[in-house]
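Using the sequences and the hints given, assemble the complete structure.
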Amino acid sequence: MNDLCTDIGFVSVNKFGEQLCGDHVEVIDQSDDNHVVVLADGLGSGVKASILSTLTSTIISTMVANGMSLESCVDTIAATLPICEVRKVAYSTFTIVRTIDNREAEIIQYDNPKLILLRDGKSFDYPQTETKIDGKTIFKTKIDLHENDFLVFTSDGAIWAGVGTTMNFGWQREEIVEFLEKMVRPDFTAKTVSSLLLDECCRLYGGKPGDDTTVCTVKIRRRRSVNLLFGPPRDPKDVNKMMSLFFAKEGKHIVSGGTTSTLAGEYLGKPVETQLDYLDPDIPPIAKIEGVDLVTEGVITMSRVLEYANSYGETDSVYADWNVKEDGASRIARLLLEEATDVNFFVGTAINPAHQNPDLPINFNIKMHLVEELSERLKSLGKRVKVSYF
Amino acid sequence: MKVTVCIGSSCHLKGSRAVVERLQQLVAEHDLKDRVELSGKFCMGNCRNGVSVTVDDELFSVSPETVDDFFKQNVLAKL
Chain W
0 MNDLCTDIGF VSVNKFGEQL CGDHVEVIDQ SDDNHVVVLA DGLGSGVKAS
50 ILSTLTSTII STMVANGMSL ESCVDTIAAT LPICEVRKVA YSTFTIVRTI
100 DNREAEIIQY DNPKLILLRD GKSFDYPQTE TKIDGKTIFK TKIDLHENDF
150 LVFTSDGAIW AGVGTTMNFG WQREEIVEFL EKMVRPDFTA KTVSSLLLDE
200 CCRLYGGKPG DDTTVCTVKI RRRRSVNLLF GPPRDPKDVN KMMSLFFAKE
250 GKHIVSGGTT STLAGEYLGK PVETQLDYLD PDIPPIAKIE GVDLVTEGVI
300 TMSRVLEYAN SYGETDSVYA DWNVKEDGAS RIARLLLEEA TDVNFFVGTA
350 INPAHQNPDL PINFNIKMHL VEELSERLKS LGKRVKVSYF
Chain L
0 MKVTVCIGSS CHLKGSRAVV ERLQQLVAEH DLKDRVELSG KFCMGNCRNG
50 VSVTVDDELF SVSPETVDDF FKQNVLAKL
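Chains W and L supply the protein sequences, listed in that same order. The first sequence lines up with residues 0 to 389 when you count with numbering that gives the first Met the number 0. The second sequence lines up with residues 0 to 78 when you count with numbering that gives the first Met the number 0.
Simulated from the structure, these hints should not be mistaken for lab results. Remember, it's a predicted structure, so these values are computed and weren't measured experimentally. For every residue, glycine included, the Cβ atom is placed at its ideal position computed from N, Cα and C. Since no wrong hints were added, every one of them can be taken at face value.
Negatives, chain L to chain W, calculated, CB over 12 Å:
id	residue
1	25
2	29
3	30
4	56
5	57
6	62
7	64
8	67
9	68
10	71
11	73
12	75
13	76
14	78
Now the in silico label distances, taken between C-beta atoms and shown as ranges:
id	chain 1	residue 1	chain 2	residue 2	range
15	L	30	W	174	55 to 63 Å
16	L	38	W	338	24 to 32 Å
17	W	306	L	58	27 to 35 Å
18	W	309	L	24	34 to 42 Å
19	W	184	L	33	40 to 48 Å
This is how it looks when you write it as structure tokens:
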């Protein structure tokens with residue numbers, strides 16, 4: 000166990016006019032600290048490519064995850080995949096990244112553009128050994144990983160971007176490296192880096208990708224906890240217990256809720272300084288309490304956070320509004336979705352009688368439902384989530 | 000004089016923002032920036048009768064429709 004973790008984020012676009020993507024990414028979490036990621040690019044495009052790449056990535060990831068040798072994986076694929084009528088071959092190209100304890104990576108590459116390892120903001124030239132299996136040349140690498148290493152790998156759609164339109168020969172690996180070295184900052188998430196590169200490819204393609212394009216990033220980062228206090232405890236006698244547990248936690252602290260922030264202020268012996276700036280017309284302004292990283296209103300703000308969380312990863316744009324806005328909901332979204340690897344919810348179950356008015360969309364059930372939905376969503380994004388009720 | 004508007008959930012839904020913005024306007028129009036301090040507060044424990052506004056320590060219920068009258072009667076008149 001160390002305090003590092005692996006952040007994996009990938010995005011794809013389909014070839015212009017295609018309904019299905021011929022690239023497929025499969026992620027298997029063997030444990031919190033061991034992951035297998037396979038990016039497969041099926042021959043051609045459309046349904047055939049999609050089936051090939053899905054089969055390839057699923058077979059490889061399952062077999063590698065179960066400790067099978069690479070030779071048997073490749074044999075199995077060769078024996079399993081349907082043969083293309085036109086081309087008389089059956090394969091898809093692939094890149095496999097396997098991380099071990101967040102400290103070591105095994106990289107296996109077959110015919111996809113060569114993986115780029117960004118270390119300290121620069122492309123790092125890693126050693127490769129060549130193996131031939133069934134006449135296929137496969138490159139293997141075993142390498143130690145550092146904090147804030149980015150492993151960026153793509154399907155060949157990325158390097159064909161712009162061929163014949165904005166550029167004569169597409170952009171080559173060197174240009175992609177240059178782009179990444181210029182754009183990527185150490186605090187970017189894997190998802191952000193993938194989206195940045197994919198957006199650039201789409202731009203070069205003039206919005207009409209000539210091939211399925213997929214970018215996958217694996218980032219090694221330090222674990223970060225964010226703690227969120229939401230609502231007063233049901234039994235007022237538990238306020239001190241709830242507060243002391245909450246503030247004892249390592250990491251950032253968010254207090255969400257009007258009464259809740261008053262209680263937190265009393266516990267800390269600090270005033271709650273509310274601001275009157277409506278940075279988003281629908282979200283109540285934030286407040287400040289010394290010793291708390293962020294203080295916001297409760298249910299309305301959290302409902303918006305849930306909306307952001309649900310659309311996170313669905314829309315491929317990095318430039319979501321909440322990335323740059325400073326209202327309470329955007330700030331919570333950044334902390335929970337981007338910064339945190341571990342989220343601890345401290346949920347108070349007191350019922351505010353004034354909120355039980357059927358005309359108001361903020362009653363108790365809605366509140367509890369919010370927490371449940373948000374924590375499920377955060378879990379599905381690969382975060383460790385703990386919810387404690389008081 | 001200190002005028003505090005509740006911006007908690009319940010009052011927010013009943014129009015805190017409109018009340019705050021109108022009060023800011025009125026204060027500016029009457030050139031009272033030096034004499035009236037506008038501030039916000041999360042939840043004054045009077046959620047049923049929002050939007051809650053206090054003038055110094057006296058509590059009022061204001062709505063976006065009544066904010067002009069409120070300002071005349073309880074802010075201007077008392078300065």
